[in-house]
Amino acid sequence: MICTPAVDMIAGVFFNYIFVFDDRKEYICVGMKKDRIHILMFVVVAALVAMFYGFAYPYHFFHREQFSLFLLNGDFVLRYFERSAWLTTIIGEFLTQYYYYIGGAPIILGIALFGIGFMVSKLLSREGFGRWIALAGGIVVMLWEGGRECVGEYPLTSTLSLLAGLSLSFLYPRKIENVWIRLAVGLMLIIAGAWTAGYGAIVLGIYIIISEIRKANYFATIIYFIASIIVAVSVDMKYVWWGIPNMDLENQFAIDTEWSRGIRNVGVDPSIADTKLGEYYDLLSSVNDADKMKRYWDEHLITQTMFMPVDPTGNYHTITAAGELWFEMGDMTMAEHATMLGMIFSPRNMGSRHIKRLAEINIINGDEAAASKYLYMLKQTSVHRQWAIDREVGHRTEVYNRWLEWKRNMLPKNDTLRATVDVQRSMRNLLDSNISNDMARQYLLAYDMQTKDVAGFAEDYIKYGKGLKTRAIDEALLVVMATAPADVKQRLGMVPFSIQIMEDFNEFNQLYSRKNAEKLKEKFGNTYWFYCQFDRQFFKR
Amino acid sequence: MLVACVRVPQDSEISKALSAIPIYPDYKDVMVPVNIAPLNFVIMDEGVDAHDIEISLGNELIYKDTSRGGVVSIEQCQWKEMLNRAAGKQMSVRLAIKKGDSWEGESWTIEVSGDSIDSYLTYRLIEPGFEVWHALTIEERCIETFETRTLADNKELNMQCMNCHIHGRDGQTSMFYIRGENGGAMLYRNGRLGKVNLRSSKMDGGAVYGDIDKSGRYGVFSTNVIIPALHSTDNRRLEVFDTKSDLCVADFDDGKMIVAPQVADTTTFETFPAFSADGKKVYYCSANMIENLIDSIGALHYSICSIGFENGEWGTKIDTLWSASRNGGSANFPKASPDGKFLLFCRSDCGTFPIWHKETDLWMIDLENGNAWPLEKANSDRSDTYHTWSSNSRWIAFASKRGDGQYGRVYFSHIDKSGKASKAFVMPQRDPRKDLLNLKSYNIPDLSVGAAGYSRQKVEKVFREEIAVQYK
Chain W
1 MICTPAVDMI
11 AGVFFNYIFV
21 FDDRKEYICV
31 GMKKDRIHIL
41 MFVVVAALVA
51 MFYGFAYPYH
61 FFHREQFSLF
71 LLNGDFVLRY
81 FERSAWLTTI
91 IGEFLTQYYY
101 YIGGAPIILG
111 IALFGIGFMV
121 SKLLSREGFG
131 RWIALAGGIV
141 VMLWEGGREC
151 VGEYPLTSTL
161 SLLAGLSLSF
171 LYPRKIENVW
181 IRLAVGLMLI
191 IAGAWTAGYG
201 AIVLGIYIII
211 SEIRKANYFA
221 TIIYFIASII
231 VAVSVDMKYV
241 WWGIPNMDLE
251 NQFAIDTEWS
261 RGIRNVGVDP
271 SIADTKLGEY
281 YDLLSSVNDA
291 DKMKRYWDEH
301 LITQTMFMPV
311 DPTGNYHTIT
321 AAGELWFEMG
331 DMTMAEHATM
341 LGMIFSPRNM
351 GSRHIKRLAE
361 INIINGDEAA
371 ASKYLYMLKQ
381 TSVHRQWAID
391 REVGHRTEVY
401 NRWLEWKRNM
411 LPKNDTLRAT
421 VDVQRSMRNL
431 LDSNISNDMA
441 RQYLLAYDMQ
451 TKDVAGFAED
461 YIKYGKGLKT
471 RAIDEALLVV
481 MATAPADVKQ
491 RLGMVPFSIQ
501 IMEDFNEFNQ
511 LYSRKNAEKL
521 KEKFGNTYWF
531 YCQFDRQFFK
541 R
Chain P
1001 MLVACVRVPQ
1011 DSEISKALSA
1021 IPIYPDYKDV
1031 MVPVNIAPLN
1041 FVIMDEGVDA
1051 HDIEISLGNE
1061 LIYKDTSRGG
1071 VVSIEQCQWK
1081 EMLNRAAGKQ
1091 MSVRLAIKKG
1101 DSWEGESWTI
1111 EVSGDSIDSY
1121 LTYRLIEPGF
1131 EVWHALTIEE
1141 RCIETFETRT
1151 LADNKELNMQ
1161 CMNCHIHGRD
1171 GQTSMFYIRG
1181 ENGGAMLYRN
1191 GRLGKVNLRS
1201 SKMDGGAVYG
1211 DIDKSGRYGV
1221 FSTNVIIPAL
1231 HSTDNRRLEV
1241 FDTKSDLCVA
1251 DFDDGKMIVA
1261 PQVADTTTFE
1271 TFPAFSADGK
1281 KVYYCSANMI
1291 ENLIDSIGAL
1301 HYSICSIGFE
1311 NGEWGTKIDT
1321 LWSASRNGGS
1331 ANFPKASPDG
1341 KFLLFCRSDC
1351 GTFPIWHKET
1361 DLWMIDLENG
1371 NAWPLEKANS
1381 DRSDTYHTWS
1391 SNSRWIAFAS
1401 KRGDGQYGRV
1411 YFSHIDKSGK
1421 ASKAFVMPQR
1431 DPRKDLLNLK
1441 SYNIPDLSVG
1451 AAGYSRQKVE
1461 KVFREEIAVQ
1471 YK
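Same order as they appear, the protein sequences are chains W and P. Note that the working numbering numbers the first sequence so that position 314 is 314, with each residue one more than the last. Note that the working numbering numbers the second sequence so that position 294 is 1294, with each residue one more than the last.
Read the hints as simulated data drawn from the structure, not as lab findings. The model shown is predicted, which means the values in this text are computed figures rather than measured ones. Quick reminder that beta carbons are idealized off the backbone N, C-alpha and C, glycines included. Among these hints, one or two may not hold up.
What the hints assert, rightly or not - Mimicking BS3-like on lysine-lysine, the simulated pairs with C-alpha atoms at most 30 angstroms apart in a straight line are: (1) P/Lys1064 x P/Lys1434; (2) P/Lys1358 x W/Lys379; (3) P/Lys1202 x P/Lys1280; (4) P/Lys1214 x P/Lys1244; (5) W/Lys379 x P/Lys1099; (6) W/Lys379 x P/Lys1440; (7) P/Lys1358 x W/Lys413; (8) P/Lys1358 x W/Lys407; (9) P/Lys1423 x P/Lys1358; (10) P/Lys1440 x W/Lys407; (11) W/Lys489 x W/Lys463; (12) P/Lys1417 x P/Lys1028; (13) P/Lys1028 x W/Lys379; (14) W/Lys515 x W/Lys452; (15) W/Lys379 x P/Lys1434.
Stated by the list, open to error - So the derived label-pair ranges between C-beta atoms look like this: (16) W/Leu72 x P/Asn1371: 47 to 55 angstroms; (17) P/Asn1371 x W/Val399: 52 to 60 angstroms; (18) P/Val1006 x W/Leu72: 21 to 29 angstroms; (19) P/Leu1057 x W/Val399: 51 to 59 angstroms; (20) P/Gly1453 x W/Trp406: 52 to 60 angstroms; (21) P/Gly1088 x W/Trp406: 57 to 65 angstroms; (22) W/Gly74 x P/Val1006: 17 to 25 angstroms; (23) P/Lys1420 x W/Gly74: 36 to 44 angstroms; (24) W/Leu72 x P/Ser1019: 23 to 31 angstroms; (25) W/Trp242 x P/Lys1472: 54 to 62 angstroms; (26) P/Pro1261 x W/Trp403: 58 to 66 angstroms.
Said to hold, decoys possible - Derived list of chain W stretches under chain P, where covered just means 3 residues or more per stretch with a C-beta under 8 angstroms from a C-beta of chain P: (27) 60–74; (28) 332–343; (29) 358–372; (30) 375–384; (31) 411–423.
Generate the whole structure from the sequences, applying the supplied hints.
Now the structure itself:
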């Protein structure tokens, strides 16, 4: 079979033939059965990495999809052309939406990694490296890229840029004798690569440099080196040099993602139970479970992270998570505030999770016009279109309408103004409108206690909390009884305390008056009285 | 070609639509300036297979297009020619849509005013993100085309806040602020962009809202200490109020701030200043100070006052043009028409942050007789605010949250010689679906005759390399 140089490039990649330049100055295609072993190895490695992603590490990818949005709209797509790496970015962000599905990311990444390994191996073979070195090189690059994909917000675009750079390498006319032609074509490929694939052009540059060094063409090598440096500093892409799985972060993504998908009994992995996000979601998922809440109160939930901060100390993950509590509790303005800010500060300033939440917040608030904007956007996506249609007026099911009615009943009835960080005022407003909002009640009293706002606790207990009985609350009430003015005590009325707690309180006060810190800590270190009097760091559960 | 290949319907095939064909934007029965870009629109009916549009001037058909899908897009050169022919006249539009096998149609008019509108509009693109910002830009759009350029991008300015861009009435001067470290007022004057610090030792805060007079020498500003707070019901979201606000004037020639106790009264809030057309007066909003505003915002009502400013000195007599206590409500953003006849302001129930007050409407005062009226045809059921005049006093641009209620868009309305407004229409886009998918608000639109004389690269250079000139 006689083949032309052009066929060389295409068929060599896809049909697993290599071409040798024989004595008659013609190309001869030679089948390589042993290349099938390489292919099998790459398939196995890609499959193993994909399985790891699918079974042990999926939440990073679900999270990535939540913080991105790809709209099938001309104007939206045209905006990509304003950036470098527009081609890989369009494809990358288009494919990222399919991370929404279970298995979506593993399949997409598995195929990409296979392509990377295969191409690296082919390129190394072309340059005369032995087949086992080529195989090893391919696998190393696959694993390296697989590791980078484990990093939080590492975009698929970057993997595709690597793939694109390797693909472009096959177009380099390494067999043309004329060095100037090779240089011209090579530089054009680098420019085109930088424009369409960003740093993928650097990968191309590296391959060309290797190829030219092997030809001892050092002048061209320097030119390509300079070109690669120019690409490196001019393309607008963040570089992640390497990555490994971060299971702590993965577990945090897991609870956050599961919660956002409507799973309420999220199980918090013990490895992150002490993290802010772990505590936050553990409490959030427990608040409607009486047994779990009893445990929290008994172990003094006042040290728990109750609210995620919506301020410069947070990041877009935690700010987004902050909105979940308010959405659950019924304060849609606070929920919208957190959602909007989470979206604003996210890398792409938009995400499917935020748009869906903003749609539902406005549906609950009865602002159908506002909701329709977000639903219209979601209808321009492949993945969330049906979700949006199901929430349009006229398409809502009976079940959904009942849920809406329940959420609307929780809304505040009276308007109030509060600072964005005034969570107490928000919760009081919710309770004023709906005294049966048990979540608001428990959080409010716990927050009063956590912030040592004893006066606030007293008023809130009188107004909203009577009947809520736990050891911790009784401890706080004793502090109120000991310190509050007479009118507060009168409004508080008779509070039945157990004999044990009364005795404990007396003993605490005696030890405190004797300034016996050690004994206090030993015997009462886990009481609210100790917490009130001393730094939080001494408080133990 | 394939896309456009739809059989042109005969008139006899087109039945009258039983209900109005929903289009976005709503360009039905509007008045437009003779120099506006094409009014492209999208048919908001997913079942539309094709559309046929005819535009006539009198009995003459001047434009016809039959295409697949629901996006109506008119080529710019054709549109410009149509408008030039139709100046001062009315065009008739007949839109027919194909659903299944049948066609149905609706007709409306577009009146082309002989009055042009200032060619450029500057605005800030920012999420309606309450009290914070992240990525924001100040953009300049040529209203006659779809050309837009970025004047400043905070990604190039250490992500610092930029706000309060204004154009001078002289048509040459303009200004905006970069807040934070190394920031200042970016003043473009006499063909040069420079950075100045308008906060002198005489002032309690930095300059915020402002206006530049027709000579280009003076700028009047308020200094505000601003507190944001969240509402809890009714989608009102954010409220912003001042705990302190006063007025000052910057003399750009002499590099000094001119303050006076009559406009820096600690018992009143003075804000939103603007020069009169002749530059001899300053209009502003004034309210009595209230303690504990967070609980009493409903009691905060601003009136519109005026005070003289001539030869670099504040006057002493304060007049009330519009009294909040007499009329009810609260006035914000008084802006005098360039011909000196009218004063346009927005009115809400209370407070000093009308953008999230749904009830906010545009009102006009006749400066000769003091009569005030709402611009009924321009107003909507959502906030209509942040207005700006065209230099010929015949057009206004303003930000409105009508539609989705969340994202402010720019609307235009014609003002006739008696101060009455035409139905407002939204700024056209090349792809009419752009606004539907946009997650940023068009904030503080400001009309200008000419393009800004600087580039974003120059802004970055001045920001990074220049030290702000301190005003005395």
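Violating hint indices (sorted, rising)
none
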